[in-house]
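Participant: Sequence:
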Amino acid sequence: MRGVIGEIEEKLRANEHKLTPKREHVLKILIENKDKHLSAEEVYNLVKLRAPDVGLATVYRTLELFTNFDIIHSMDFGDGRKRYEFGTESNDGHRHHHLICTHCGRITEVNEDLLEELEQRVTQRYDFEITDHELKIFGWCRKCTGQDKE
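Quick note on my numbering: the sequence shown kicks off at 1 and runs consecutively.
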């Protein structure tokens, strides 16, 4: 984790910002929960357990700063709340996709490129260079459809 934090500290410094202790608390929470899609309030609640002096406004500003420098990625899964992820790009520069259960809110990550053929067609037909895409599929998860035996 120290290596990742050091890289981010350098990135911020290169853009005339500092990795303050409060920002570092936010960053550590995001790194430790990189498999989750946390809202600002959830990040705040986790940070407060370690650093009670960190305010909600500081968390919001830090998340915005990290988003602006592509340290994290924000997204909306249709519930009107921004969610944040750390380290969302794969080796080919694409983000993973999400399956969102509209019944229970469960979010499942899909780590395969489902749109490669579509990207090729769009590139050829419209002479458009695609640099990224994001796919959100809404429906009901296995548990909500009663197919989950657990």
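Simulated from the structure, these hints should not be mistaken for lab results. Being a predicted model, the structure only gives us computed values, none of them experimental. Just so you know, even glycine gets a beta-carbon here, dropped at the ideal spot from N, CA and C. Accuracy of the hints is not assured; some may be wrong.
Said to hold, decoys possible - Now the in silico label distances, taken between C-beta atoms and shown as ranges:
#1 R142 / E16: 32 to 38 Å
#2 T20 / I107: 15 to 21 Å
#3 E7 / R125: 19 to 25 Å
#4 T20 / R125: 46 to 52 Å
#5 C144 / R81: 28 to 34 Å
#6 H17 / R142: 40 to 46 Å
#7 N15 / T145: 44 to 50 Å
Said to hold, decoys possible - The calculated BS3-like cross-link candidates involving lysine-lysine, where the alpha carbons are at most 25 Å apart (straight line), are:
#8 K48 / K136
#9 K48 / K34
#10 K28 / K48
#11 K36 / K143
#12 K82 / K34
#13 K82 / K136
#14 K36 / K48
Participant: Each of the hints needs a verdict: does it hold here or not?
Facilitator: Consistency of the hints with the structure:
| no. | hint | verdict |
| --- | --- | --- |
| 1 | R142 / E16: 32 to 38 Å | violated, 48 Å |
| 2 | T20 / I107: 15 to 21 Å | violated, 30 Å |
| 3 | E7 / R125: 19 to 25 Å | violated, 39 Å |
| 4 | T20 / R125: 46 to 52 Å | holds, 48 Å |
| 5 | C144 / R81: 28 to 34 Å | violated, 20 Å |
| 6 | H17 / R142: 40 to 46 Å | holds, 43 Å |
| 7 | N15 / T145: 44 to 50 Å | holds, 46 Å |
| 8 | K48 / K136 | violated, 31 Å |
| 9 | K48 / K34 | holds, 18 Å |
| 10 | K28 / K48 | holds, 12 Å |
| 11 | K36 / K143 | holds, 18 Å |
| 12 | K82 / K34 | holds, 15 Å |
| 13 | K82 / K136 | holds, 14 Å |
| 14 | K36 / K48 | holds, 18 Å |
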